[in-house]
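Work out the full structure: start from the sequences and follow the hints.
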Amino acid sequence: METLDITKETLIAECRRLKSDGYRFVTITCLETGETTLELIYHFDRDLELVHYRMQVLKNDPMPSLSPLFFAAFLVENEIYDQFGVKFTDLVLDFGGTLYLDDDDDITATPFCKFGVKQAEKPSGQGRE
Amino acid sequence: MSKTIVPFGPQHPVLPEPIHLSLTVEDEIVKEAVPAFGYVHRGLEKLAEKRDFHQMIQVVERVCGICSMIHAMCYCQGLETLMNVDVPRRGQFLRVIWSELHRIHSHLLWLGLYADAFGFESVFMQFWKIRERIMDINEATAGNRVIVSVNQVGGVRRDLSPSKCEWILAELAHVEQEMKDLESTMLNNYTVKKRTVGKGVLTQEAAYELGAAGPTLRASGIAQDMRQLAYEAFDELDFAPVVETGGDAYARGVVRFRETFQSIDLVRQAIARMPQGDTFVKVKGKPEGEVVQRVEQPRGECLYYIKANKTKFLDRLRIRTPTFANIPPLAAMLPGMELADVPVLILSIDPCISCTER
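Line by line, the protein sequences give chains A and B. Its first residue numbered 7, the first sequence is counted upward by one per residue in the working numbering. Its first residue numbered -12, the second sequence is counted upward by one per residue in the working numbering.
It is possible that part of the hints are untrue.
What the hints assert, rightly or not - Lysine-lysine pairs mimicking DSSO-like chemistry, simulated, CA-CA at most 27 Å apart:
{"hint": "1", "chain 1": "B", "residue 1": "LYS33", "chain 2": "A", "residue 2": "LYS120"}
{"hint": "2", "chain 1": "B", "residue 1": "LYS18", "chain 2": "B", "residue 2": "LYS180"}
{"hint": "3", "chain 1": "A", "residue 1": "LYS120", "chain 2": "B", "residue 2": "LYS299"}
{"hint": "4", "chain 1": "A", "residue 1": "LYS14", "chain 2": "A", "residue 2": "LYS93"}
{"hint": "5", "chain 1": "B", "residue 1": "LYS297", "chain 2": "B", "residue 2": "LYS269"}
{"hint": "6", "chain 1": "A", "residue 1": "LYS65", "chain 2": "B", "residue 2": "LYS33"}
{"hint": "7", "chain 1": "A", "residue 1": "LYS93", "chain 2": "B", "residue 2": "LYS33"}
{"hint": "8", "chain 1": "B", "residue 1": "LYS273", "chain 2": "A", "residue 2": "LYS120"}
The hints are simulated quantities; they were obtained by calculation from the structure and are not laboratory data.
Below is the structure:
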């Protein structure tokens, strides 16, 4: 599987270019790569051809959301927040860590990480009433 | 007119599975729809770290019962790519046969539920009665009605005898005729059209940009189907995506109705062209590397990402299911619709919440 490297700084501009070139957003895959690091792989499709962009991120480092550009991204970004604790800024619909969990649960946990990193504070979501 | 928030679900007569929608309405018109999940989340992806990669076949089959065979097929395809395994040609044809049978029974299940959602209960019973023939085929060929569990890394665990193939073709002839008997009712009936035509319209541009998948995408005029990737034996079968251009709930129903006939045709083609030979190859070793695999489930594109490290446990298994892709289009199609149309529109994407949450 071939992937292209991308950084937090170039992510939005590159995705804007992909959108103007006719690509559609497919999904994001998040992987834990170390005690303090994660990897985000962005998958896009055009005419049944996939392209993959790989980005190294630090846990607890907020990432720009793709949802203002691709509305479909809001769901997977909320899921990644629930499972890996990655915060996305400018999410169009922010569940604040409660996409799957209840407000009563420990939503500062990161259940898909072997090396959990507690969130500094309980976030406030707008998605779940 | 002041806004009112109407909670829809998680328990609702039209919902086979739990999902919640907060509907902001003015008068009877939906202004905003915010989905909420978390009622059937099982963390199955995480389980890949604790079950070996062979055991995970049985786990991914349980992501969703209705398309269990296709989940397992996609997962096995990914591992076969990582392990450089070539599935015997007969095994590939058999996978096509069982996967298309799954598509037929999924669409028949949905057609029944859909009819029930707009109050056509006699049609609901007719579709489910037809579906029983497919369930009988599953049971006779694989031992189970729903989770057939035929896939293994390297091929399939069961074969079909010539007499069994003859019987399948005879049963499919009955299914086809019974479907034709319902065609006029399902596609031309005044009540059906009144409840579905012009409801929840997704334009071609919106469907593409919102990432819609499967019949929801094709009903908006986009001819995209993962079977065009020619996985398994699809490279030898005559196939073109079923496309409608209405973009509404009616068009989504028509696509699934026509796809049922198409799947019957694909099973016939596969049985006619299936060569003799082995159904699987023995696989040794452990997978290493990462791969993305895609297949077309009854509800649309399904993507598996697998990362393996040459141990019996996978580093990461990620599953993007079609309903997950169809939730944003659903949230976008509801505003502007009447509250009474919401149940029909939710069903029009054929939601599978077990898939969505995994």
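How the hints compare with the structure:
| no. | hint | result |
| --- | --- | --- |
| 1 | B:LYS33 / A:LYS120 | holds, 10 Å |
| 2 | B:LYS18 / B:LYS180 | holds, 24 Å |
| 3 | A:LYS120 / B:LYS299 | holds, 18 Å |
| 4 | A:LYS14 / A:LYS93 | holds, 13 Å |
| 5 | B:LYS297 / B:LYS269 | holds, 17 Å |
| 6 | A:LYS65 / B:LYS33 | holds, 19 Å |
| 7 | A:LYS93 / B:LYS33 | holds, 20 Å |
| 8 | B:LYS273 / A:LYS120 | holds, 23 Å |
Checked against the numbered hints given earlier, this structure breaks none of them.
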